[in-house]
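Each chain, letter by letter, is given below.
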Amino acid sequence: MKQFDFFAGKQLSGKQVSRRQLLAGTAALGSVFAAAGLTGCGGTASAAAVRDIAFWHLLSGGDGIKMQAMIRAANGANPGFKVHPTVLAWGPPYYTKLAMASAGGRPPELAIMHASRVPGYAPGGLIDPWDMSLLAEHGVTAESFAPRIWDKSQHDGNVFSIALDSHPFVMFYNTDVAGKAGVLAANGQLQEVTSPQDFLAMAREMQKVTQAHGLSFGYLGSGSQMWRLFYTLYKQHGADMELTPGQPMKADRDAAVESLAFMASLFDDTVAAKSGDIGTGIAEFARGGSGMLFSGVWELPTFKKADLPVDAATIPTLYGTPASYADSHSFVLPRQLNVDDEKRRDVYKFVSDMLKGSLSWAEAGHIPAYQPIVQSQAYRELTPQIHYASAADIIAYDPEAWFSGSGSDWQTYFAENVQNVLLGRDKAADGWDAFVRRTNTLLSRPNPV
Amino acid sequence: MSSLATSQGAEQTAQSMPGQPRRNPFPNSASGSETSSPRRTRDNVNGWGFAAPFLAFFLVFLVWPLLYGLYMSLTGKSLTGANDSLIGLANYAEALADADMWHSLGNTLYFTVISTVPLVLVALAMAALVNVGLPAQWLWRLSYFAPYLLASTVVSLFFSWMYNPQLGLINDSLAKIGLPKVAWLNDPNVAMWSIVIATLWWTVGFNFLLYLAAMQNIPAQHYEAASLDGAGAWRQFFSITLPQLTPTTVMIALLQILASLKIFDQVYQMTAGGPAGSTRPVVQYIFETGFTGYRLGYSAAISYIFFGLIVAVSAMQFFITRRRSA
Chain U
1 MKQFDFFAGK QLSGKQVSRR QLLAGTAALG SVFAAAGLTG CGGTASAAAV RDIAFWHLLS
61 GGDGIKMQAM IRAANGANPG FKVHPTVLAW GPPYYTKLAM ASAGGRPPEL AIMHASRVPG
121 YAPGGLIDPW DMSLLAEHGV TAESFAPRIW DKSQHDGNVF SIALDSHPFV MFYNTDVAGK
181 AGVLAANGQL QEVTSPQDFL AMAREMQKVT QAHGLSFGYL GSGSQMWRLF YTLYKQHGAD
241 MELTPGQPMK ADRDAAVESL AFMASLFDDT VAAKSGDIGT GIAEFARGGS GMLFSGVWEL
301 PTFKKADLPV DAATIPTLYG TPASYADSHS FVLPRQLNVD DEKRRDVYKF VSDMLKGSLS
361 WAEAGHIPAY QPIVQSQAYR ELTPQIHYAS AADIIAYDPE AWFSGSGSDW QTYFAENVQN
421 VLLGRDKAAD GWDAFVRRTN TLLSRPNPV
Chain C
1 MSSLATSQGA EQTAQSMPGQ PRRNPFPNSA SGSETSSPRR TRDNVNGWGF AAPFLAFFLV
61 FLVWPLLYGL YMSLTGKSLT GANDSLIGLA NYAEALADAD MWHSLGNTLY FTVISTVPLV
121 LVALAMAALV NVGLPAQWLW RLSYFAPYLL ASTVVSLFFS WMYNPQLGLI NDSLAKIGLP
181 KVAWLNDPNV AMWSIVIATL WWTVGFNFLL YLAAMQNIPA QHYEAASLDG AGAWRQFFSI
241 TLPQLTPTTV MIALLQILAS LKIFDQVYQM TAGGPAGSTR PVVQYIFETG FTGYRLGYSA
301 AISYIFFGLI VAVSAMQFFI TRRRSA
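Sequences listed follow chains U and C, in order. Sequence positions in the first sequence follow the numbering used here and run 1 to 449. Sequence positions in the second sequence follow the numbering used here and run 1 to 326.
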């Protein structure tokens with residue numbers, strides 16, 4: 001089974017195989033075959049008892065290391081099967097390969113998807129629904145999930161995804177900078193601000209401390225980043241967005257334009273850098289060049305590692321309705337040409353073990369979807385995770401369509417139409433209208449799933 | 001027909017000459033059927049045997065996908081397998097009315113125009129400089145050609161860092177001499193040029209080598225004669241070097257046009273088609289509609305429209321070179 005370890009990539013082992021090891025391995029393999037030959041067919045029964053489960057995911061960096069440790073723990077607890085992960089690059093490369101493998105009928109037994117991408121896979125038959133009675137055998141039921149997360153796993157009356165977490169877009173802040181700027185409340189956390197003007201004023205106070213910027217937000221060239229903040233602000237207006245193929249997009253134009261205009265007002269080289277991409281935004285915050293950062297919860301390990309005095313909170317409610325863009329890493333069953341029932345039962349056991357072990361996933365910043373973990377004392381003691389745990393109640397997933405969701409082309413089209421708004425070159429209304437036109441083109445075309 | 005008869009007559013003569021083995025470099029069925037000697041049959045079998053691996057690859061990986069793609073472009077086929085019924089030319093009609101298709105095709109043509117000119121002229125200038133007889137020629141040749149050996153991912157990463165608006169080497173250097181920062185990959189008016197600069201640095205070495213080889217083939221006597229007539233270096237360059245290089249220039253320009261039309265890698269890695277779609281080439285649009293947009297049939301139709309464009313350029317190349325050699 002060692003050969004799978006090579007495909008699992010660098011997380012398992014960075015060691016090179018020497019010629020001597022290779023020869024020794026080949027010799028050992030030869031002796032195994034020889035032994036099998038001597039003992040006849042019955043001789044290999046014990047080796048075949050361990051079933052190999054292929055598992056694809058898109059978690060790299062700190063997330064990937066945590067995921068690898070969780071897989072190793074689950075494998076250790078289940079001698080009957082061994083899960084072999086394959087890590088693919090986030091975004092179009094991952095989703096393209098998963099769709100093609102499923103269309104070809106030979107996908108992995110289990111995969112991770114963003115919950116927001118499921119509407120692009122479920123109707124086309126690329127993934128199979130989950131049998132909740134099999135999960136219930138391991139103690140996982142609908143009640144194990146927060147309502148918003150559970151609702152998101154449904155499609156046409158079936159459960160198509162089992163969420164491991166929710167990972168909202170949040171605000172990190174540097175407690176040193178905030179303290180010096182005098183914007184900390186009595187409880188040591190950032191003061192609450194409730195309007196765009198208050199937020200800008202707070203950022204300017206922080207800028208006086210850092211002498212660089214008050215807020216870091218890298219967005220250039222990243223449709224995901226622009227969309228995450230925009231959708232958070234848009235949903236804070238209490239507005240909805242609906243994408244129905246064959247019909248024009250339904251959205252609140254005023255809320256959208258106001259959100260975009262506010263975003264553009266951030267990039268004045270005082271509140272935030274005019275030209276920053278995601279990497280420079282994170283680097284600036286990590287070296288203390290700003291007081292706040294808008295980013296995903298998954299960045300938390302980076303700042304802990306940098307020994308930054310960091311705390312976190314949900315994005316301030318600037319327009320009345322608490323809301324936060326989020327997505328969930330969810331387990332899905334890619335459609336097999338021939339389902340191996342035993343392996344599928346193993347998959348259910350593995351997924352339930354992963355949910356129950358998701359406290360270590362919470363350490364990577366994510367909010368666990370499995371409620372017994374969220375309610376555990378151990379989770380309550382995790383800071384700053386517990387300071388934004390309430391985000392699970394206000395999260396907003398992408399509007400559903402076959403083309404929307406994390407890392408989709410739709411987010412790229414958003415960037416194409418609004419980046420110039422954020423750079424101060426286009427009017428917010430023009431950028432929004434152009435995005436609506438692009439979306440309407442997609443909605444008017446034949447639905448391929 | 002008469003030339004075929006003549007050549008066969010010559011072959012038979014050659015065959016009858018003792019001690020001189022006959023080899024027909026272009027065996028064909030006509031000659032094969034006319035002479036049925038066991039040796040000729042064996043030669044044919046051997047010939048097909050040697051060609052078989054290539055033919056198999058050619059049929060499986062070129063001819064079959066070409067035909068299947070054409071068929072697919074006439075269906076509504078999706079990546080999920082849905083709607084694979086024939087829909088006639090509907091995909092072509094949709095593509096011709098698709099503003100994004102035209103925009104991406106326009107970007108490809110724009111890149112082709114603005115990259116081909118410097119890739120030819122800079123290569124010529126570099127080759128001329130090296131050919132003048134600078135010392136340490138191997139060093140120039142190596143340093144001009146070395147970037148060509150790098151993978152597109154390496155070049156893209158390298159330039160992405162150099163172009164970084166905040167931390168990049170280029171903006172840092174501009175700031176030091178008091179010039180404003182440029183949003184190299186984030187300004188729709190600049191991004192394509194940034195990619196051209198990266199492409200120029202990366203690939204100009206190949207054209208440089210072709211030019212250098214051609215220059216070194218120009219007989220030295222031409223220059224000697226010109227010197228005796230009092231022609232200076234510039235006069236010699238414009239009156240001898242350039243005219244002698246014309247066939248090379250035509251070849252380089254056309255090869256470059258075809259290479260530039262296929263632009264994809266560096267754009268996808270440096271800007272992913274942005275900002276505002278200003279660098280998205282048609283190959284990326286084909287990829288997006290087919291693989292991330294699931295519409296394989298529609299994507300195949302755009303591929304065939306682009307294929308038509310490349311065939312047109314290749315045909316132009318054929319006619320230009322044929323006219324030159326006639």
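Hints should not be assumed to be uniformly reliable.
Said to hold, decoys possible - A short list of chain U residues far from chain C (calculated; beta carbon distances all over 12 Å):
| no. | residue |
| --- | --- |
| 1 | A136 |
| 2 | G182 |
| 3 | H237 |
| 4 | L423 |
As the list claims (entries may be wrong) - Examples of chain C residues lying across from chain U (beta carbon under 10 Å, computed):
| no. | residue |
| --- | --- |
| 5 | S143 |
| 6 | P188 |
| 7 | G297 |
No lab work stands behind these hints, which were simulated from the structure alone. All residues carry an ideal CB built from backbone N, CA and C; glycine is no exception.
Structure-based check of each hint:
Listed as outside the interface, U/A136 is consistent with that label: its C-beta sits roughly 30 Å from the nearest C-beta of chain C, beyond the 12 Å cut-off. Residue-level check passed: U/G182 sits 28 Å from the nearest beta carbon of chain C, beyond 12 Å. Annotated as non-interface, U/H237 keeps its C-beta farther than 12 Å from every C-beta of chain C; the closest such distance is 26 Å. A cut-off of 12 Å between C-beta atoms contradicts the statement that U/L423 is not in contact with chain C; the least separation is 7 Å.
For C/S143, the interface hint is violated, the least distance from its beta-carbon to any beta-carbon of chain U being 30 Å, above 10 Å. For the restraint placing C/P188 at the interface with chain U, the shortest Cβ-Cβ distance is roughly 7 Å, inside the 10 Å limit, so the hint holds. Using the Cβ-Cβ criterion of 10 Å, the hint placing C/G297 at the interface with chain U is satisfied: the shortest such distance is roughly 9 Å.
Of the numbered hints given earlier, the model fails hints 4 and 5; all others are met.
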